[in-house]
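Sequences listed follow chains D and Y, in order.
1 is the number of the first residue of the first sequence in the working numbering; add one for each residue after it.
1001 is the number of the first residue of the second sequence in the working numbering; add one for each residue after it.
Take these hints with a grain of salt, some might be off.
[Said to hold, decoys possible] FRET-style restraints, in silico, Cβ to Cβ:
no.: 1; chain 1: D; residue 1: 291; chain 2: Y; residue 2: 1349; range: 43 to 53 angstroms
no.: 2; chain 1: D; residue 1: 74; chain 2: Y; residue 2: 1376; range: 19 to 29 angstroms
no.: 3; chain 1: Y; residue 1: 1438; chain 2: D; residue 2: 74; range: 53 to 63 angstroms
no.: 4; chain 1: D; residue 1: 83; chain 2: Y; residue 2: 1388; range: 42 to 52 angstroms
no.: 5; chain 1: D; residue 1: 26; chain 2: Y; residue 2: 1092; range: 24 to 34 angstroms
no.: 6; chain 1: Y; residue 1: 1108; chain 2: D; residue 2: 269; range: 37 to 47 angstroms
no.: 7; chain 1: D; residue 1: 104; chain 2: Y; residue 2: 1376; range: 26 to 36 angstroms
no.: 8; chain 1: Y; residue 1: 1412; chain 2: D; residue 2: 189; range: 55 to 65 angstroms
no.: 9; chain 1: D; residue 1: 135; chain 2: Y; residue 2: 1341; range: 20 to 30 angstroms
no.: 10; chain 1: D; residue 1: 266; chain 2: Y; residue 2: 1108; range: 51 to 61 angstroms
no.: 11; chain 1: D; residue 1: 75; chain 2: Y; residue 2: 1388; range: 24 to 34 angstroms
Hints in this document: simulated from the structure, not taken from any laboratory.
Beta carbons are placed, not taken as given, at the ideal position from N, Cα and C, and that holds for glycine.
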Amino acid sequence: MDSGYEAVIGLEVHAQLLTETKIFCGCSTRFGNPPNTNVCPVCLGHPGVLPVLNKKVVDFSIMMGLATNCTINRDSVFARKNYFYPDLPKGYQISQFEKPVCEHGFVEIETGNGSTKKVRIKRIHMEEDAGKSIHDLGETTLVDLNRTGVPLIEIVSEPDISSPGEAAAYLKKIYQLVTYLGICDGNMEEGSLRCDANISVRPKNQKEFGTRTEVKNMNSFRNVERAIAYEIERQIDILEDGGKVQQETLLWNADAGKAVSMRGKEEAHDYRYFPEPDLVPLNIDENWITGIKKSLPELPDKRKQRFMEQYGLPEYDAKVLTAERETADYFEQVIAETKHYKLASNWVMGDVAAYVNEKKINIAEFPVSPKNLGELINLIQDNVISGKIAKEIFPEMIETGKSPGEIVKEKNLVQITDTSELEGIVKTVLENNPAQVEQYKSGKEKVFGFFVGQVMRETKGKANPKLVNEILRKELSK
Amino acid sequence: MEYNDYREKIGLIKQGTLSLTSNVEGFLSRIEKEKHLNAFNFVFKDAVERASEIENKILEGKAGKAAGLVVAVKDNISIKNKPLSCSSKILENFQPVYTATAVQKLLDEDAIIIGKTNCDEFAMGSSNENSAFGPVLNPYDNSRVPGGSSGGSAVAVAANLCDVALGSDTGGSIRQPAAFCGVYGLKPTYGRVSRYGLTAFASSFDTIGPFAKNLNDLTLLLNIISGYDEKDSTSQKSGEINLTENVSKSTIKIGLPKEYFGEGLNPEIKTRIEEIINRLPSDNFEIIDISLPHTEYAIATYYILTTAEASSNLARYDGVRYGFRSKDSATLKDMYENTRTEGFGKEVKRRIMLGTYVLSSGYYDAYYRKAQKARRLFKEDFINAFKQADILLTPTTPTTAFKIGEKSTDPLEMYLSDIYTTSANLAGIPALNIPVGFDANGLPIGMQLMAPELKEPELLNAAYLINKFL
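With these hints in hand, go ahead and build the complete structure from the sequences.
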């Protein structure tokens, strides 16, 4: 920032966990079921019901704690966060307050210029989600309690983030970790990954933090960046005009491109946290942690390193391929079929990624199996087909799911690598184009491409380009 | 009465000399006759049909361990498709969709539930005057209270409107009414009986427990409802209790905490209990004076912690999903306020406010956290006391049943009627009321025995033995 101010940003990220059942009862967590069907007396908060902790939620929390270098607390305590709202059936949310399950971790993010930065994780705690209030169906507000009791972890960073770009990089890192771990689907639009930001600004030489505001409702990576940039600018403008930033909570409005005040400091809730008496303190022993450690998948940074070392890939390739777990998985399935790592990388990052992005699908749903793509790469590398033919048959592979071998055979697309056959074709081409031969011989070497094209036309693209080049040069130099 | 306890009852049924159906019909007509006592909020006439089914099972030899035991259930415990009011307007017309574990265990053993008993609203009170269904009357003197909060259950047993009853005890709500009504009442170890289905008042104190006319029936009822329940994370495993004439140890060490015999104790109660102590033979009993030094802080600690938990537990009664909702509120906030203002009684509102206050930011450390620390001191007091004594013996209440209206205007005075009972809840230990006679007005006197956590077998066997010397 060249404004003379610096921003201090901390993020609170809520990740909805991919457990089959809710955190404190046996109800399904499935998204999209008819309203108020994934419910029971426990999550509806009927008189006399009691919560029973879903151990899977603890497993997932420990996984995230380990992935973010946190201390896993051997004793942690659930607490009640009290407030009234129609989508909160018990009038309190079971969360964690004084003793969260994980604390004191960090993640490394890449800052723009290729360097990295540590962002400390203050805490990760478990809690239950509230239901959904639906305000936009006529005059009344409707409540859907399917989401009530769906498990969440809240990942709270220290205020180590200093720009909207870093905030986005941090959030992407969290996204990458939860999806790698398979504990959250990371879908920000559907709300399975949510992010609130605490933002303040201060003059660059000042030690004390400025007054902070909280910005909520940023439901995409892009909006997180936009909203934070907006809020930093707003706060600087206030200070520049000699004003004071008010402590308040703001809601980001993506359509309007601005954040509007939701509540001020004096309207802030007093949540009256106290230890949840219906649950005993959670004890996590060494065995539990060791078990989880063993079950952890390879995490993105390690995998990237391994891709570079084991497959000799450039750092750029390794980074792109490991950005998402499914992409890396797909790549490794492809190279189970072929040893041509770089070519495989080019195809996955190129044609495959292009299709997946265009169709907005997950690579796991990509119609060409890794086996077929591996076979295609082998066909190219073994000179059975040319790269050009490969690009031509790729859409058919997508369309039909057929193997490249099958398509090549059906269409008779096997590359011509027979030197004598190609020599005959080259000779015919040269004989039919004496004028161009003259031009070439008089030094106009550009015409070479014309001859290649002619040979390719004659062979319907099946000629091995390397051989064509060799034979052409030999014949033209005669 | 045609029988002294359940063992005799089931024998008579098997012999064919007692009809279970007419037994239940008899209870129903007594309930009708004693309607003025106001012990029941809801009476289940269909109990007669169940009686005839169970009678057949008994005769076929296929019946459960509590077959034909007629049970009254405090109206803060859930039974599927039967009303649950907690004696509050705010649960008007509410019917639970599930059954409490304790009740389910009774049903599984072929017990018969005859109705839901009146109580103080959400179990908050010591006189059963705080009820949307009106006060319950003491059967010994209708101008007096039966105690609370489980007043209806105590009266139902005392007035022979059922065989046994379930109540709940958060700070004395079983033992104090048992004392005022002259019946046995046990607050079990915290967690011995599943709380699943017990409407929460103060979750870390609440227990479900039995009322009975004798120790045999009390033990039977306790055995059936006890045990770990996967639906209640705070529940505990516990073994079967056998009442026996044989004393396992040569002597039982009885501790008398001096703090329970001081100022404020009615002299008649004191005299009666001292008389009993003097009668206990020294070859079976060793009497020791002990001290529970933090006793004077019990009431304060109890009211800070229980109201804090209550303020949160009662937040769900907001008119949004079930129960009473105030009509014609303009905004959501109005709906909450009007519903809770109109739906809750005075004492419940007082405790919600107190609890909200002690948890508020800026006051939490001074009240709630401090009280949590004090609670640990009470636990230590008892641990130390039980190093010296096997069983503690105290009066259950400082007075016998007081007059209706006598304390209802002075909450502090009312809270002090639980002065001898709250400590057991703070410590989580079991405590029993034994009826030990009457004062000059003919009102029952209660004596309390306390034992270490999960030592109900020792507690009940000590009671069994002491009973012989009353």
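Mind checking the hinted window 55 to 65 angstroms against the Cβ distance between residue 1412(Y) and residue 189(D)? holds, 57 angstroms
Taking the Cβ atom of residue 26(D) and the Cβ atom of residue 1092(Y), is their distance within the range 24 to 34 angstroms? Holds, since residue 26(D) and residue 1092(Y) (Cβ atoms, about 30 angstroms apart) stay within the stated range.
Is it true that the C-beta distance of residue 75(D) to residue 1388(Y) lies inside 24 to 34 angstroms, as the hint says? Given about 32 angstroms between the Cβ atoms, the range holds.
For residue 74(D) and residue 1376(Y), compare the CB-CB distance with the range 19 to 29 angstroms and indicate the outcome. The hinted range 19 to 29 angstroms holds for residue 74(D) and residue 1376(Y), with Cβ atoms some 20 angstroms apart.
Does the Cβ-Cβ separation between residue 104(D) and residue 1376(Y) fall within 26 to 36 angstroms? Roughly 28 angstroms apart at Cβ, these two residues keep to the hinted range, so it holds.
C-beta pair residue 135(D), residue 1341(Y): status relative to the range 20 to 30 angstroms that was hinted: With a Cβ separation near 26 angstroms, residue 135(D) and residue 1341(Y) satisfy 20 to 30 angstroms, so the hint holds.
Holds or violated: the 37 to 47 angstroms window for the beta-carbon distance between residue 1108(Y) and residue 269(D)? holds, 44 angstroms
Is 43 to 53 angstroms right for how far apart the beta carbons of residue 291(D) and residue 1349(Y) are? holds, 49 angstroms
I want to verify a distance hint. Is the separation of the beta carbons of residue 266(D) and residue 1108(Y) within 51 to 61 angstroms? holds, 55 angstroms
Residue 83(D) versus residue 1388(Y) beta-carbon gap, inside 42 to 52 angstroms or not: Given a distance of about 47 angstroms, which is inside 42 to 52 angstroms, the answer is holds.
Quick one: are residue 1438(Y) and residue 74(D) within 53 to 63 angstroms, going by C-beta? Holds, at about 55 angstroms.
The structure shown violates none of the earlier numbered hints.
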